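In order, the protein sequences belong to chains A and B. Each residue of the first sequence is one higher than the one before, starting from 1 at the first, in this note's numbering. Each residue of the second sequence is one higher than the one before, starting from 1 at the first, in this note's numbering.
In case anyone wonders, no lab produced these hints; they're calculated from the structure. Being a predicted model, the structure only gives us computed values, none of them experimental. Check before you lean on any hint, since a few could be wrong.
In silico contact screen, one side only, chain A against chain B (beta carbon under 8 Å); selected entries [claimed, not checked]:
# : residue
1 : S26
2 : G31
3 : V32
4 : S33
5 : A39
The beta carbon of each residue, even a glycine, is placed where N, CA and C say it ideally should be.
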Amino acid sequence: MKSMPLIPSILLIILFAAGPALAQHSSGEVGVSVNVVPAAAEYITLRDIDFTDLDQSMEVVEINPENSARAGKMLVTGTPNAPFSLSYLPFRLLENQSGNGILVFEYRIAGSSLDDQSTAENFTVESRELQFNDDGEYYIWIGGFVNFSNASPGSYTGDFTLEIDYI
Amino acid sequence: MSCIPRIVFIVILLFSVQSLNAQEIDFGSYGSYTITLQVGAGDLDFGQVIPGVGGISNPYFIELADSKQIEIIGIHYLDVYVDITATDLELIDEPCSGDCTIPFQLQAAYSNSGFENNSIANAQIIPVSNNMTGARFPILKRQNQPSGPPPAPPTEAFNQDLVNDTVVLYIYGSIDVGEVQPGNYQGTIEITVTYE
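Build the full structure now, drawing on both the sequences and the hints.
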């Protein structure tokens, strides 16, 4: 008996070895996007500057924000660890609420990422780069300098402007 | 004479391999039918969010009603297999310092009630695990009826446009924004659809 021819054998193998034809397919891509913006800073006044019970003979009052217990205190909250710049207006007019007269108040501030006045650093420029702590907090102590020598008796009030911008 | 047993062995071996694939009949696999995925413009956009504060993350959701809709156009009596894979979002436009990844949780659904009737109201949820999923369904729902006879092989006279219909695929999900660095974040969802 003759052996099976070689060529039909090869064809047989090719026919059975072939898999199914590739199916038609289509593919696409969808982007997923989000813009993360820093949380808006919030300002919380924890304590006003304390001018009570001052020595009446004093013509000049100076409250050191780095160590005076009379310093005002603010908490600024924002994005944790985010850098920011802080600026403020150092000279403000305080108006006499009970009569004529104004006082010029020179603000001085110090700040720290810790709730500890002894770690506060005095700001010597009006704008500088700072950073929120891990909890998104930054503490500011507010003091200043005022000359009462020409002030009329009365109650004086004024405001303090502080501005924070994320860098 | 000695050559015959060897060939018989090869033939048996090949048949046995084919039998492993014979558990289902993929009519679409043998046709030259086309299938179209129309993604359309625009991302699955979560808009502007703020980072989590104090270690608490902020979950943001895009619900099914606001999902990204993708159209699959193919022959209505054939099944398709849809494969979807998604990545987390990464910061794209700033040098990264700190945490610059936002986990994304993919969700998906489809409606195959026909071009005129597809809607979120009759969408079928596709289970997703680890941002990956796959689902097989007919282009046009069979209304609890058995599938029809095998399709005739396409000929020159075959006009696929006459037998096309549309499935709508809904892509949505949520992101979990921790204390990440502000900036623009981007992820990707890859979708592949194949006749089955």
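These are the hints, each one checked on the structure:
1. S26: Result: holds, 4 Å to nearest chain B Cβ.
2. G31: holds (4 Å)
3. V32: holds (4 Å)
4. S33: holds (4 Å)
5. A39: At about 4 Å, which falls below the 8 Å cut-off, the nearest Cβ of chain B leaves the hint on A39/A intact, so it holds.
Of the numbered hints stated above, none is contradicted by the structure.
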